[in-house]
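> Chains as they are written, first to last, in full-length UniProt numbering: chain V, 1 to 293; chain Z, 1 to 293; chain C, 1 to 293; chain R, 1 to 293; chain D, 1 to 293; chain U, 1 to 293.
To be clear, the hints were calculated from the coordinates, so they are not data collected in a lab.
In silico lysine to aspartate or glutamate, EDC-like type, Cα no more than 16 Å apart, as pairs: (1) K212(Z) to D171(V); (2) K16(R) to D166(R); (3) K16(U) to D171(U); (4) K212(C) to D171(R); (5) K212(V) to D166(Z); (6) K244(C) to D216(C); (7) K212(U) to D171(D); (8) K16(C) to E82(C); (9) K16(V) to D165(V); (10) K212(D) to D171(U); (11) K212(V) to D171(Z); (12) K212(Z) to D166(V); (13) K244(Z) to D201(Z); (14) K212(D) to D165(U); (15) K244(C) to D214(C).
With the C-beta cut set under 8 Å, the calculated list includes, among others, these residues of chain D facing chain U: (16) K54; (17) T134; (18) S136; (19) I222.
We treat Cβ as the ideally placed atom computed from N, Cα and C, and that holds for glycine.
6 protein chains.
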Amino acid sequence: MFFHRQELQHRAQPDKPDAVYARKLQEVLGGQYGEITVAMQYGFQAWNAHIPGKYRDLLYGIGAEEFGHIEMLATMIAQLLEKAPLGVSDDAVQNDPTVAAIVGGTDVQQAIVAGAGARPVDSNGNPWSGAYVTASGNLLADFTANANAEMQGRLQVARPYHMTDDAGVRDLLSFLLARDTMHQNQWIAAAAELREEGAEDLPVPSNFPLGKEDRDVAYQYINFSDGQQAGDGRWASGPTPDGKGEFSYVPEPEPGVPAPPPTHPDSRFYGTTELPNIVEKAAGAAQDALDIE
Amino acid sequence: MFFHRQELQHRAQPDKPDAVYARKLQEVLGGQYGEITVAMQYGFQAWNAHIPGKYRDLLYGIGAEEFGHIEMLATMIAQLLEKAPLGVSDDAVQNDPTVAAIVGGTDVQQAIVAGAGARPVDSNGNPWSGAYVTASGNLLADFTANANAEMQGRLQVARPYHMTDDAGVRDLLSFLLARDTMHQNQWIAAAAELREEGAEDLPVPSNFPLGKEDRDVAYQYINFSDGQQAGDGRWASGPTPDGKGEFSYVPEPEPGVPAPPPTHPDSRFYGTTELPNIVEKAAGAAQDALDIE
Amino acid sequence: MFFHRQELQHRAQPDKPDAVYARKLQEVLGGQYGEITVAMQYGFQAWNAHIPGKYRDLLYGIGAEEFGHIEMLATMIAQLLEKAPLGVSDDAVQNDPTVAAIVGGTDVQQAIVAGAGARPVDSNGNPWSGAYVTASGNLLADFTANANAEMQGRLQVARPYHMTDDAGVRDLLSFLLARDTMHQNQWIAAAAELREEGAEDLPVPSNFPLGKEDRDVAYQYINFSDGQQAGDGRWASGPTPDGKGEFSYVPEPEPGVPAPPPTHPDSRFYGTTELPNIVEKAAGAAQDALDIE
Amino acid sequence: MFFHRQELQHRAQPDKPDAVYARKLQEVLGGQYGEITVAMQYGFQAWNAHIPGKYRDLLYGIGAEEFGHIEMLATMIAQLLEKAPLGVSDDAVQNDPTVAAIVGGTDVQQAIVAGAGARPVDSNGNPWSGAYVTASGNLLADFTANANAEMQGRLQVARPYHMTDDAGVRDLLSFLLARDTMHQNQWIAAAAELREEGAEDLPVPSNFPLGKEDRDVAYQYINFSDGQQAGDGRWASGPTPDGKGEFSYVPEPEPGVPAPPPTHPDSRFYGTTELPNIVEKAAGAAQDALDIE
Amino acid sequence: MFFHRQELQHRAQPDKPDAVYARKLQEVLGGQYGEITVAMQYGFQAWNAHIPGKYRDLLYGIGAEEFGHIEMLATMIAQLLEKAPLGVSDDAVQNDPTVAAIVGGTDVQQAIVAGAGARPVDSNGNPWSGAYVTASGNLLADFTANANAEMQGRLQVARPYHMTDDAGVRDLLSFLLARDTMHQNQWIAAAAELREEGAEDLPVPSNFPLGKEDRDVAYQYINFSDGQQAGDGRWASGPTPDGKGEFSYVPEPEPGVPAPPPTHPDSRFYGTTELPNIVEKAAGAAQDALDIE
Amino acid sequence: MFFHRQELQHRAQPDKPDAVYARKLQEVLGGQYGEITVAMQYGFQAWNAHIPGKYRDLLYGIGAEEFGHIEMLATMIAQLLEKAPLGVSDDAVQNDPTVAAIVGGTDVQQAIVAGAGARPVDSNGNPWSGAYVTASGNLLADFTANANAEMQGRLQVARPYHMTDDAGVRDLLSFLLARDTMHQNQWIAAAAELREEGAEDLPVPSNFPLGKEDRDVAYQYINFSDGQQAGDGRWASGPTPDGKGEFSYVPEPEPGVPAPPPTHPDSRFYGTTELPNIVEKAAGAAQDALDIE
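Here chain V stands alone, though its shape is the one from the complex (with noise of 0.2 Å):
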């Protein structure tokens, strides 16, 4: 159960309206890595969760926190749009070009389809999408999407921050960005844990058995291109991080296998053969003809 009270987290208010920045708001409220998204996710991580105790604990508690993030932004947004330009003519557009600029950077459905106000899109008005929340019941992969989309999240934070020298909107995007340190830590405190305590392991899933997995190819680096530096890194020699194996740097790919010869379904799917298959086609369908009408 969710719970709600009218009071906000952090102080959410601009010095000034500010139409254009109200738009770029909407990354940071309705993007792939915006608010919603982590507040979803660390929803259905914990419903989907298999284990009681400190994990859930930990996403129910993170993840109330973030739908209020999301109120938060609105709230910021719709003030950022208090005094968006409406009744702008034609002549004002094209003689008063600061004006005309500003409409430019607009969001024109914060406008016409919100009349002033925030919406559940991204700054370039794209719907936000059920598609970015993971939430896939393996812990260790799922606390290492939570840190990336902490990072992916803090850096959409710190680039508008430089958009903008309101103090207002800086006053909260300082605390958001605080948050995001916060929660990278705490993820990755947290799928640490899960190592340490044997819960999970690498590679994810670990308890797939590795007898299952081609062990010859675990560990090498297959060089697909000509970059001569890609041997340099420690991802091409000594030991891997999951404790199982040693790198190993392969300069070019082995000769592959030759590709199986080409599919010939049912003819009755009309698809370009060879051209004796193309008579057994014609003869089939004739048949077909007579057989199925």
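Given the coordinates of chain V, work out where chains Z, C, R, D and U should sit on it, guided by the hints.
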């Protein structure tokens, strides 16, 4: 530049057709964490890279391999579909439940649209989307994204491994599982090397001045749920993985701040406002009628 | 701010697993009119509201409940999937039609992607989309959208009610049906109150100056089909619900006006035009070759 | 059957081109509540209707009109784009801010993809989606959907009305506004007639046996937020619009029920489980290796 | 303007219901090359046309027919769904595999969302998308798009023809197949006429000054794979279809040019760069902290 | 197998950065007819091919080239973005219209998401979609699709050619234009060769028995609009391009057949039906309550 050779990196031939399984393999080909995703993701990360040398060589070297994996899966899927049922009359569907069942489990579009061929879609028929690709220009963030992609990807090969006992299919999957093992290890090693060399560090982005974030909340676990055990993890006390702080545990959130008052944009957005505003709004609209007309 | 408690508003436990039904319930969770939609819709309407007080309190109060409904459904789905088949060999699919049938009716991604878990998608696997959310800032329009959402939503619970006889599932559905009954009534009542208080009226938006619309056609039913009975309804005669006019019936449309001539944009868009234009276009292009090069 | 006449229902000619405005009008043509949506929605409702006569005649009669509205808007957009800038050199963009501003506010795809033409997309370039269409087979639900569509639609014409002073554009918009006024009234009247005739009633679907829903909570307003005024509305006390109950107000939710324990699906889904399970899982996997191989 | 008549161009009645087949027909109605696509495509091409007369008349004349085809298919689908199973209890699914199989092969949303009705989606439930429409303003390009659409479309009717033996369904399909035959012929004829009349020519767009393209590579077949037979086709030697050159065959690509060095955007994008740059970046960031704060 | 070489097929370097133009080039990279589409389309057609030899070699040979075109465009876009504005304060936006205009015309996600990099999206930010790919297994249909793709693609390079005067950009575009010229010619030649060799013919699919289609309407132009000139084209009289008939012109459609009566699915779908049915429905539901409970 890319070059193609009419060979496969590994054998991709099923022992016998299985149209139901052909649908499942679409996930590994065209799903969120399928081969199209990693091929395109490593490509875009390389093209967006700001640093020449081993990291970019790595991206190019592995990216081209993944394009070949797309090909192996498409080839496999086409063969699994070779005997896909087509001419199933209604009676057969209703009288022979086995045939009917197979029809139910197959991908209708593999038949009708591709004529018993592979498609750039997932196992539910959702078209592959460019939104699956992450390429931020920040390599620590992106290598973490890649590690996650290879973890989810290996999970999504391991699960269908148990959904068939076709030796030919399993042979290919065992190869893909091993390459995913390599790639998990590789991206984790590459991320570690980035930190060791000082090219990037936690929190991402590490060059954003920490003084600009709200450091008071940068290492607090704040519990927005009532789970009692979230404080037991290593994310709740002790040094943080970024080496810059100490985790602390906040059992329940501090009181927030009052939300700002609702916004009142231009009356010509026709939003619903307070009654006094309604009068004003009507007056404004009347005035507007005079002015703008 | 949102807070979470590790409880459910109502019991969500099936009597036994049923992987086929787990797919159906995705519609109620993540479909166009599923619980994610109403939770997010009421949230965005509250955040975009321009008026404090009872209407916004209502949106907040009901929105948080809906987030809890998402949770109940996700929990139910995970349990329905608990015995989902996985290790089905090809022989089993072909020899045991019952098993095969179940495979055909299940959501492949619930298995492969979520590991027998719930997902933010509908019953055909389409990811939930932010485009499902309506939040215009105009409360009379939005409460009508909400009434519709609860009607479609209740239909979409009533239908699957008959697709199972699991008492545990039906117990949860009977709870959701009742809440949808409440919410239909509630939004209809709230819309009526808006009109009674004079905050909004028909036609929406009620403050747009009627003098600016083409009042001659504002209450005409114009019949563009040849159905003879469309004139029998109360939309074809008598007073209009907005209290501002009388319906009239136009049995077939007036002759229209001639369409304007086709456009002729810049020749460098390379559209197809009339022959004389073609010569001109070629000349222009030749000139352009001189000028721009 | 549909027939076309090369006329427009109303004049659709701007006084002068305006490429920035052409983008805005895409919302009215191809947005969630644009003309394509209502044309297709009324069509599908008619084709899915289960009852002949006035209601279906109404759907057909109005649906064909809406297809003509698509045409008027596409015609208008093409004319607004007639002088769209194309050969803008980089210097011009950097030196003449007015030209640059216009470039910023235009739809790049109207130029590059359609060659200065209209497209089936919204004002942010999102393709029109079949997911916008609601056609459930239940007319009371669907007429409410239609009333909402016409309300949102009229809002989305009223707002852009103030974004231009082109008399030709406004002339068309004033016509569309009036038709939306008619259609709001019409669907509200039709919904009322359905109830009066006893064909449908509240709550939708009205034939679902009420005894099967949890009547105890069918009329409770339960406040999941801390707003104090949600109890002041007519949704919190008094008779309900469906005429079957009395609203009541529950100031805060009852304690919930404990969530069921986490699920433990087949170990071959490789989810993360408790430590004892881990051992078991490993054993199971080992066994599996023997069995399945 | 569009007008509707409550008749069908051809009979659309199945001999008996078949819910599994109803899903397949969704491809022909709402798929990428289904009837909605061609109806909308011909409409947008007409509205974007820059030339009055026979070509635009053709687009209008055929476009309206296609809207009627949507209607025939929707009508057919609704009838095929008339006996769609609904009240299937869990026991029935597990004990009667025939019923279960049918459940597996049906479209869940046709049942739950549309109440046994047609939907604007394809056979996998993907909503129809405006992105399927091609309307560029260049008629030679667009008529080629149309020829392709009618070819893919006829394929997608021919394949399902063999998936049923219902005489009523086949009767409608035989009508649609014939119309697709006409439309393939028609668009090919229209494209030829455009070239004969000199309105357009190859390569499209034919008025782009050839002197501005890199003529050295305008007729070279360059072989980026190792297939030996690509040189045997008429695309590798002899005159080109545009009448402006001779094909030549390049057995393997010339060496390319070195890729430009990686980019170094503003340090505040926080991309990963070379180590010296890292120091600089840190200094820049420090400076930035002073400047911007 | 694919191999990568760190070279470009052609120089891809702009004379100077231009962030506004970088957005436009996204269309050529990631739009419906951009380079990702043709690369993937030729790949899937090859993998789905049913015939070895020159046609499949052609697909492989050209497909790999297109992957290299993706790379050239991504490289170009990154350079165009190298000086993309980021630290634009609100004052600058409001006071320097040139800077502001550039902000308005740029792709916000290239900045915030990719850190001044290229993305797999079009010029409006829509993610590239697998739905753009056509690969039916029928080569005559698919080569026509390819000819169309290269025509639309060359149009979409020709138009942006005039939107810049940067010599470096134009140099790359002139190369791409020439390759598109080649590819248009090539697919038209390949389609002709398929017909000459008898592998495929018109109408597609040519092996579908013509006796099964409704030959009476296979060559009729039926005019559903009132344009008088559609009968003047070569699609209205004379021999048909498939060589199997004669076009005829039908100035207006024959009367159609009556639509079948509305459907009456199971009452538990809760659709709206006739009044007698309503009673029945209620009775049925009551009965159902007894039976199913």
